[in-house]
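Asks: Okay, here's what each chain looks like letter by letter:
2 protein chains.
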Amino acid sequence: MINIQKALDLVLSQKQFYGAEEVPLTEAVGRFLAEDIFTDRDAPPFDRVMMDGIAIQLKDLNDPLRPNYPIQGIQAAGAPQMTLKAPDHCLEVMTGAILPQGTDTVIPYEEVEIKEGTAYVKIEKAIKRFVHGQGSDSPKGTLVLQKGKKIHPGDIGILATVGKSRVEVAKVPTLAIISTGDELIEIDEKPLAHQIRKSNVYNLWASLLQEGIHAERHHIIDDQKVLQTQLKILVQKFDVLLLSGGVSMGKFDYLPTVFENLGVQKLFHRVAQRPGKPFWFGYHEEFNTKIFAYPGNPVSTYVNHLFYFKQWLYASLGNSWTFETKELGEEMPGCPNLARFISVNLNSENGRVLPLNHNGSGDLFSLAQTAGFLLLPQREGVYRKGERFSFITIR
Amino acid sequence: MINIQKALDLVLSQKQFYGAEEVPLTEAVGRFLAEDIFTDRDAPPFDRVMMDGIAIQLKDLNDPLRPNYPIQGIQAAGAPQMTLKAPDHCLEVMTGAILPQGTDTVIPYEEVEIKEGTAYVKIEKAIKRFVHGQGSDSPKGTLVLQKGKKIHPGDIGILATVGKSRVEVAKVPTLAIISTGDELIEIDEKPLAHQIRKSNVYNLWASLLQEGIHAERHHIIDDQKVLQTQLKILVQKFDVLLLSGGVSMGKFDYLPTVFENLGVQKLFHRVAQRPGKPFWFGYHEEFNTKIFAYPGNPVSTYVNHLFYFKQWLYASLGNSWTFETKELGEEMPGCPNLARFISVNLNSENGRVLPLNHNGSGDLFSLAQTAGFLLLPQREGVYRKGERFSFITIR
Numbered sequence: 001m002i003n004i005q006k007a008l009d010l011v012l013s014q015k016q017f018y019g020a021e022e023v024p025l026t027e028a029v030g031r032f033l034a035e036d037i038f039t040d041r042d043a044p045p046f047d048r049v050m051m052d053g054i055a056i057q058l059k060d061l062n063d064p065l066r067p068n069y070p071i072q073g074i075q076a077a078g079a080p081q082m083t084l085k086a087p088d089h090c091l092e093v094m095t096g097a098i099l100p101q102g103t104d105t106v107i108p109y110e111e112v113e114i115k116e117g118t119a120y121v122k123i124e125k126a127i128k129r130f131v132h133g134q135g136s137d138s139p140k141g142t143l144v145l146q147k148g149k150k151i152h153p154g155d156i157g158i159l160a161t162v163g164k165s166r167v168e169v170a171k172v173p174t175l176a177i178i179s180t181g182d183e184l185i186e187i188d189e190k191p192l193a194h195q196i197r198k199s200n201v202y203n204l205w206a207s208l209l210q211e212g213i214h215a216e217r218h219h220i221i222d223d224q225k226v227l228q229t230q231l232k233i234l235v236q237k238f239d240v241l242l243l244s245g246g247v248s249m250g251k252f253d254y255l256p257t258v259f260e261n262l263g264v265q266k267l268f269h270r271v272a273q274r275p276g277k278p279f280w281f282g283y284h285e286e287f288n289t290k291i292f293a294y295p296g297n298p299v300s301t302y303v304n305h306l307f308y309f310k311q312w313l314y315a316s317l318g319n320s321w322t323f324e325t326k327e328l329g330e331e332m333p334g335c336p337n338l339a340r341f342i343s344v345n346l347n348s349e350n351g352r353v354l355p356l357n358h359n360g361s362g363d364l365f366s367l368a369q370t371a372g373f374l375l376l377p378q379r380e381g382v383y384r385k386g387e388r389f390s391f392i393t394i395r
Numbered sequence: 001m002i003n004i005q006k007a008l009d010l011v012l013s014q015k016q017f018y019g020a021e022e023v024p025l026t027e028a029v030g031r032f033l034a035e036d037i038f039t040d041r042d043a044p045p046f047d048r049v050m051m052d053g054i055a056i057q058l059k060d061l062n063d064p065l066r067p068n069y070p071i072q073g074i075q076a077a078g079a080p081q082m083t084l085k086a087p088d089h090c091l092e093v094m095t096g097a098i099l100p101q102g103t104d105t106v107i108p109y110e111e112v113e114i115k116e117g118t119a120y121v122k123i124e125k126a127i128k129r130f131v132h133g134q135g136s137d138s139p140k141g142t143l144v145l146q147k148g149k150k151i152h153p154g155d156i157g158i159l160a161t162v163g164k165s166r167v168e169v170a171k172v173p174t175l176a177i178i179s180t181g182d183e184l185i186e187i188d189e190k191p192l193a194h195q196i197r198k199s200n201v202y203n204l205w206a207s208l209l210q211e212g213i214h215a216e217r218h219h220i221i222d223d224q225k226v227l228q229t230q231l232k233i234l235v236q237k238f239d240v241l242l243l244s245g246g247v248s249m250g251k252f253d254y255l256p257t258v259f260e261n262l263g264v265q266k267l268f269h270r271v272a273q274r275p276g277k278p279f280w281f282g283y284h285e286e287f288n289t290k291i292f293a294y295p296g297n298p299v300s301t302y303v304n305h306l307f308y309f310k311q312w313l314y315a316s317l318g319n320s321w322t323f324e325t326k327e328l329g330e331e332m333p334g335c336p337n338l339a340r341f342i343s344v345n346l347n348s349e350n351g352r353v354l355p356l357n358h359n360g361s362g363d364l365f366s367l368a369q370t371a372g373f374l375l376l377p378q379r380e381g382v383y384r385k386g387e388r389f390s391f392i393t394i395r
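Protein chains in written order, with this note's numbering: chain A, 1 to 395; chain B, 1 to 395.
Treat the hints with caution; some may be incorrect.
No copy labels: a pair is met if it fits in one copy or bridges any two.
Said to hold, decoys possible - Below, in silico cross-link-like pairs of lysine-lysine (DSBU-like), each with a Cα-Cα straight-line distance of 30 Å or less:
1) K147 with K237
2) K149 with K310
3) K251 with K15
4) K225 with K385
5) K150 with K310
6) K171 with K150
7) K150 with K122
8) K15 with K125
9) K225 with K6
10) K251 with K115
11) K85 with K237
Worth flagging that the hints you see were computed from the coordinates, not collected in a lab. Small disclaimer: the values here were computed from a predicted structure and weren't measured.
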């Protein structure tokens, strides 16, 4: 049995880039950028008016203003640049407009009164220029979004403004989620006393959807021959297989044997952690398939998926994933033999987390109350109140 | 000018439920539940075996174990319940199986050795029962997900397990995003010197997509007559209009006038906040249309959207939205006249946030670096280092 750091290192050693593809901007959220994004012009692209008002010529900001400025015309946003013809006149200007040639300062409407084509100034000195200088945010050619960044909605406006109607993103791996376990039936079936409906594959499927991955769902019965026949096909067909169940010590936990028969290279089986200890991970060299075989309990499966698969995915397609940290809200006894992922709730007042009481890794319903999992490393001594630990959000 | 609390109260006073609809489970992530979800059976539905091993009869857990138990057979997961025929025998049992009739305790494989049809026990006393009792997580009829909850991937497994292949969720409002401003051109166009490409509408569109809303995008030129004609149609057609630009003090900021002409009830215009001060909000009584008119600057638009619209949406369709809080990483001077939304970065080591330096609300590119916005309320005194404030994430 290895510890979680070693297990994570082995998982990350299998990181894999699946090439790039172009998608329309409107489909890019949640994908990983496969190109650096640079500004294609200065930002702002011109000296931009920051307030609605009048634009005047005022070489030194400390010079006193004239009492009034006759209005030559209006510089609207979206109109070509105008030119101030007489330096004692002004042009009305609108927020977002290009600053007229021959002017350098904007006096906001709040500080002027306009009567019969003349602007009467209520202040003696200009407050500031109110001009957003060309290139002052970033000159043309500035790197604004880095290859590997996961694209969030706020990035979409940036991509739009630099003209990326299509964006180069990392291709996602093809992926199958495979449930095993003869006690499992479909959601819309009526269970007999000893049966339960499938749930893990749906949790995984929904979580993958948020990463832009449309996974296929498969079920294979607990029969070594059938498993071997079916998995032989799936190993060749998909980049990644996620399995739930069939890796514990049970009589019908055939997966480790089947994988061996199929020529899959095991990297580890069992990790010193709770829940999720029986996690099995390996890869098929010839077909370049990565295989994450999670134990069957719902919380075990989900924790392993969020911790190992998600970090593998981020490392493969983009930049690495940094966990937030949260303060533990109460002291807890140490656990020298196993790292623990504890279900926690978030106190929004003080930002600390408190362990949720639930019935162990089989308690699927606890996931509804959980804000996420706090990772408590193996340790002899106590986990102290107020100490910070990595926090894995499930939202 | 009103303060943000008053503005928020007015926005939330317009909350609106748009009815419920049934969607397949696989389309339910991110939607708001419109029904309470109860368990349809006990959880677990039967006394469930927690470890692979042997099941025996052991009335008192403190009683010594027999040195060996002849094996009667195997109780697999997914098989109907078996019955132990002789109390000095055992049945092999698999994790997830129903506990055989006549047994009450599981001895894990780790603690036994199996030779020629008999299990030889290596320990003198049972460690624990290793039985997950029927109904011990939650008895049948337990409320497991509450109406109004936003469905996250972890909830999907719960819905699956209680048999919800279709789920009742809140309908989302129909929504149009309208850009104004003659300086704006399409993403795939080449801008002239005084033009810029649209960006706000794409930020908003992408953000709405994450809430399950497929918004229409419209652009209307800065012409009062055209605005009035077009908006008249849109006000009747959509539940919600989001506008960007056209609400400041400029000559071509016709929106407040146009809305008045169209019989839209203004609830406020201008809020004591930075950025986003010129925010305008109202509704059309007859057509029951809510109108969020954001100022044109990218950061202003986005902050107002995340703060006001998102809270309105959550209040309308589901449970209210609670902000996380974060500690400010450095002291900052107070701001008595305006509440401030400051762009911040997150220090994952200590969980504190630090303000990002950027060029004000026009600096779209700053959104790429921002983790979110910290809401600093109006205050005479300083904002103290280590003090907690509401944090609005943009991830």
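Asks: Can you tell me if K150 and K122 fall within 30 Å by alpha carbon in one copy, between copies, both or neither?
Replies: Result: close neither inside a copy nor across copies, 50 Å intra and 53 Å inter.
Asks: My question is about K251 and K115: at a cut-off of 30 Å on alpha-carbon distance, are they close within one copy, between copies, both, or neither?
Replies: between (93 Å within a copy, 15 Å between copies)
Asks: At 30 Å max between alpha carbons, let me know whether K171 reaches K150 within a copy, between copies, both or neither.
Replies: Classified as both: same-chain Cα gap 13 Å, cross-chain 29 Å, threshold 30 Å.
Asks: Is it within, between, both, or neither for K251 and K15, if the alpha carbons may be no more than 30 Å apart?
Replies: neither (32 Å within a copy, 56 Å between copies)
Asks: Is it within a copy, between copies, both, or neither that the alpha carbon of K147 lies no farther than 30 Å from that of K237?
Replies: Within one copy only: 29 Å inside, 40 Å across.
Asks: How would you classify K15 and K125 at a CA-CA limit of 30 Å: within, between, both, or neither?
Replies: neither (62 Å within a copy, 46 Å between copies)
Asks: As a check of your reading, is K225 near K385 (CA-CA no more than 30 Å) within one copy, between copies, both or neither?
Replies: neither (51 Å within a copy, 64 Å between copies)
Asks: Can you tell me if K150 and K310 fall within 30 Å by alpha carbon in one copy, between copies, both or neither?
Replies: both (13 Å within a copy, 22 Å between copies)
Asks: Taking 30 Å as the upper bound on the Cα-Cα distance, should K85 and K237 be classified as within, between, both, or neither?
Replies: Neither. Shortest intra-copy (72 Å) and inter-copy (47 Å) distances fail the 30 Å Cα cut-off.
Asks: Using 30 Å as the alpha-carbon threshold, which applies to K225 and K6: within, between, both, or neither?
Replies: neither (33 Å within a copy, 68 Å between copies)
Asks: Is it within a copy, between copies, both, or neither that the alpha carbon of K149 lies no farther than 30 Å from that of K310?
Replies: For K149 and K310, the Cα distance is within 30 Å both inside one copy (15 Å) and across copies (25 Å).
Going through the hint list in order, the structure does not satisfy hints 3, 4, 7, 8, 9, 11.
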